[in-house]
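> Here is what each chain is made of, one letter per residue.
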Amino acid sequence: MLLQQPGLLLIIIAMLLILIIFCIYPVVRLLITCMTDTDGNFDLSSIRYVLEKTNIGTALINSIRLGVVVAVLSTIIGYIFAFSLNRTTMHGKRFFHIIAMLPILSPPFVISLAVILLFGRSGIISKQILGITNNNVYGFTSLVVVQTLAMFPLAYLNLKGVMESMDSSVENAARSLGAGRLKTFLSVTLPLSLPAILSAFLIVFAKSLSDFGNPQVLAGDYAVLSVSAYTQITGLYNLRTGSFMAMSILVPSMLAFFIQKFWVSKKSFVTITGKPVGAVDYISEKHIVYPLFILCVLLTAVIILFYGTVLWVSLVKTWGVDMSLSLKNYQFVASSGSGKKSLGDTLILSLIAMPITALLGMGISYLLVRKKFFGRKLMEIASMIPFAIPGIALGIGYVVSFNSPPLLLTGTAAIIIATLVFRTLSVGVEAGSNSLRQVDKSIEEASTILGANNFTTFTRISLPIMKSALFSGLLNAFVRSMTSVSAVIFLVSVKWNLLTVSIMSAIESNKLGLAAAYCVLLMGIVLIAMLVLELLVNKGFGKRRRRNA
Amino acid sequence: MKKAITILLVMIITLSMVFAGGSGEKGSSDGTVEQKKHVSIYTANVEEEAIAYFDQFTKDTGIEVDYVRLSAGECITRMEAEKANPQVSVLLGGSVDTIVSAYEKGLIEKYTSPNMEYIVDEYKDNMDGIYTPYSLVVTCFASNTKLLDQLGIPAPTSWEELLRPELKGNVCMAHPATSGAAYTAFSSILQCFSEEEGFDYLKKLNDSIIQYTKAGAAPIRMAGLEETTVAVCYDLDAHTIINEGYDLVITYPSEGTGYEISCVSLVKGGPAEEQEAAKAFIDWMLSEKAQEMCTQQFYRYPLNKNVAVNPEMKPFDDIKLLNYDFIWSGQNKVRLLERFENEVRSSANVLN
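Protein chains in written order, with the working numbering: chain R, 1 to 549; chain H, 1 to 352.
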């Protein structure tokens, strides 16, 4: 079948090639590095060292435990948000939506920092309001809170896309047949969103496993794998053992990935069939809307509290000493050449990475869901790897792989863009796949029968259906690019620097105010970009504007 | 038709990546290489400090500097990963043991600056050119004055005093495996007592530690923010944060304390056209002007004979320095850290 469609074949081959080069090759190359000594001979001593002498076992179990808890909580919260904002007549949906986006707009460690300032030993809330003097914020509980807050928006975005594209006529039918709200929810809405729930869970799980920024600041004695790996690499200068530890995170993530795929593939969730769609029957019953509303308010309050703290820190002279307001941190950014340069570089690189990631993501998800071809599994796994692996390992893998001809990329913008693209690719792929699964293939078939080719069908039929997923894909690509830290720390170069590296550097040199100011600027830019994007995507595809209550 | 469009799509994606790469390179060759001399540097110093040196260096010599600022461990890891095709020619920062271990990995090129003749005699040895020492930073205690008053005790002036019961859960240092500053403190303790007595001491000290932070600069921030009373850190970081307005007092342990010789080094196999400029930068770091900046603006103990120590700092001769053995410290790092993990950390609950 493929041989009759040379264009499609070509595109599949091209995609596979790109994925193999940028997703698989660096990891394989890194694995080889782990298994050879300095002279290039085969040598397993680093791996033996890791297994015998380090805390890898405990760290792995700790990471998984944390990942599961965070993923469950994030998915639940994400689902509550997605459901409330798409299925009820709640007030302030738009506000909730924007606030829920804040955590993914910010570099990961920002919330951690806010937690210490608010709940640390001399934290504003713990000490000055509650009078607790010896509050210990370091450890598992804090990590769960912080990671959940930072990652539930990923789940929310993923679920929101599906909620929006889910045909509500099935729900309406259930209602007409006399089912109550609860029954409709349990027997229609929830099962239909199951694949998205699982993929949201998976994404958050993988993200939590590979997260480094938050545990680095907050883990205390709770050893997690990404931090242990980092310690090996930068503390003991042992690139091999560290990389191996980092890569071992792939085991649980890939396992989760296969379980999810196995589960989802056995079920069908088509709801968009091309038949007339009934309007969403928004839930307006007070006893349902109010509790949801309160939950949303509570959560957004916590988020605002944390980010408000960051804003506050950026606006005071010296936190803890001279709390008078001042713009000196912003003035410093404005006057510092390097600050402005990294801000500009970050914008340029993210803007380039954004459309590439989104298009690749949508394209791949289309191929994965709609086409059967040799190498499909490979494509699916490959797109997942850079997301699941800790950034530091990915970054080192990229340096090792692309540091010599024919793929000499170190020092260029291309290597940073490539990392940004492939690190975030899988979120777009998941979102795209989720929306596509909701759509009956017959719509696309109709288009093909009417004479459209694959490309037209993709751009005219599939892509508009994936609009919401496309939006979240674009947004995610942009945001993640603007805020990624650990992967790029080995890739920024004398020519191209990124803002997050400056933020890290400011934190390391104890310039909290400056770091906070950078964060605020970064989030401001991303927020503006988000609003513009939303406008563009909605305009671009015309119909189905979000209805606000 | 459809073939053409699909090919086009692929082309756009690949091209845009190539183009992005191409434009990145173009920026560099736009005259900078031909007309102006230029050097690329990785630095582990605080960004503000590094920029100050670079700007002054450019003013003095006309050589432009491009840099990336990373922690010392990240610098070394990057250099190791980039070994086949090094991207920079100078590493500013890193202590002697760091540089020696990097040299053993084949990442450092030997170079002895002619300006080494101005260096004070005790620190002239540079192991045949492996590293170029440009300043000293010393391990100290930085204590929060307000919290000391609350506890009713004076600032600790010896390792022994750090064990005072009042300071239980009130001392913070970074984890020696993740922070160079903490490793210096850790190794100093082992060298000040003996390895066995040192570990006994560390086990006792463990009760007083609130947290072993990951970053070396974090303990001093915690002291500033009243998260801990005493931070064990480098005096350089302490001075910087005092300068920001935090009310801290610096003391040095009377039994003897460790220090870091900060180095500037030539990277092996760096860009060929930068070699001359790279050496010029290393020479410049030892010049009187640079050494003045080191101490007056950034609180380092200068190593140039003709430069006086910043009066805000404790006179160098009043601090009792150990005969710190960098080579022993570097060579035994993995073994000592394993002992630390197994004997000290596992023996007690660190987080009160």
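It is worth saying that the hints were derived from the structure and are not from the lab.
Check before you lean on any hint, since a few could be wrong.
Stated by the list, open to error - Straight-line Cα separation of at most 20 Å, PhoX-like style, residue types lysine-lysine; simulated pairs:
hint, chain 1, residue 1, chain 2, residue 2
1, H, 37, R, 495
2, H, 124, H, 289
3, H, 36, R, 127
4, R, 127, H, 83
5, H, 168, R, 495
6, R, 495, H, 36
7, R, 127, R, 341
Unchecked claim - Label pairs and their in silico Cβ distance ranges:
hint, chain 1, residue 1, chain 2, residue 2, range
8, H, 112, R, 536, 57 to 65 Å
9, R, 92, H, 335, 53 to 61 Å
10, R, 295, H, 342, 42 to 50 Å
11, R, 255, H, 59, 51 to 59 Å
12, H, 59, R, 325, 34 to 42 Å
What the hints assert, rightly or not - A few chain H residues that face chain R, going by a derived Cβ cut-off under 8 Å, partial list only:
hint, residue
13, 40
14, 69
15, 80
16, 84
17, 151
18, 220
19, 331
The beta carbon of each residue, even a glycine, is placed where N, CA and C say it ideally should be.
> Would you mind marking each hint as holding or not holding in the structure?
Taking the hints in turn, this is what the structure says about them:
Proximity of residue 37(H) to residue 495(R) is assessed by CA-CA distance (about 16 Å); at most 20 Å being required, the pair is judged to hold. Of the pairs offered as hints, the one joining residue 124(H) and residue 289(H) holds, with about 19 Å between alpha carbons and a cut-off of 20 Å not exceeded. Note on residue 36(H) and residue 127(R): the hinted pairing is violated, with a Cα-Cα distance of about 56 Å set against a maximum of 20 Å. For the hint pairing residue 127(R) with residue 83(H), the CA-to-CA distance comes to about 50 Å; that exceeds 20 Å, so the pair is violated.
For the hint pairing residue 168(H) with residue 495(R), the CA-to-CA distance comes to about 48 Å; that exceeds 20 Å, so the pair is violated. Under the criterion of a C-alpha separation no larger than 20 Å, the hint pairing residue 495(R) with residue 36(H) is consistent with the structure, at around 16 Å. A hinted pair counts as satisfied when its Cα atoms are at most 20 Å apart, and residue 127(R) with residue 341(R) does not qualify at roughly 39 Å. Restraint check, residue 112(H) to residue 536(R): a C-beta distance of roughly 60 Å satisfies the suggested window 57 to 65 Å.
Between residue 92(R) and residue 335(H) the beta carbon distance is about 60 Å. The supplied range of 53 to 61 Å therefore holds. About 46 Å separates the C-beta atoms of residue 295(R) and residue 342(H), a value consistent with the hinted range of 42 to 50 Å. One distance hint, 51 to 59 Å for the beta-carbon pair residue 255(R) and residue 59(H), holds here, with the actual separation near 58 Å. In this structure the hint that residue 59(H) and residue 325(R) lie 34 to 42 Å apart at CB holds, the actual value being about 35 Å.
The interface hint given for residue 40(H) holds, since its Cβ lies 5 Å from the closest Cβ of chain R, which is under the 8 Å cut-off. For residue 69(H), the suggested interface contact is upheld, since its CB lies about 5 Å from the closest CB of chain R, less than 8 Å. At about 5 Å, the closest approach between the beta carbon of residue 80(H) and any beta carbon in chain R falls short of 8 Å, and the interface hint on this residue holds. Interface restraint check for residue 84(H): the shortest CB-CB distance to chain R comes to about 5 Å, inside 8 Å, so the restraint holds.
The interface hint given for residue 151(H) is broken, as the beta carbon of that residue sits about 12 Å from the closest beta carbon of chain R, more than 8 Å. Using the Cβ-Cβ criterion of 8 Å, the hint placing residue 220(H) at the interface with chain R is satisfied: the shortest such distance is roughly 7 Å. A least Cβ separation of about 13 Å between residue 331(H) and chain R goes past the 8 Å threshold, and the interface hint is therefore violated.
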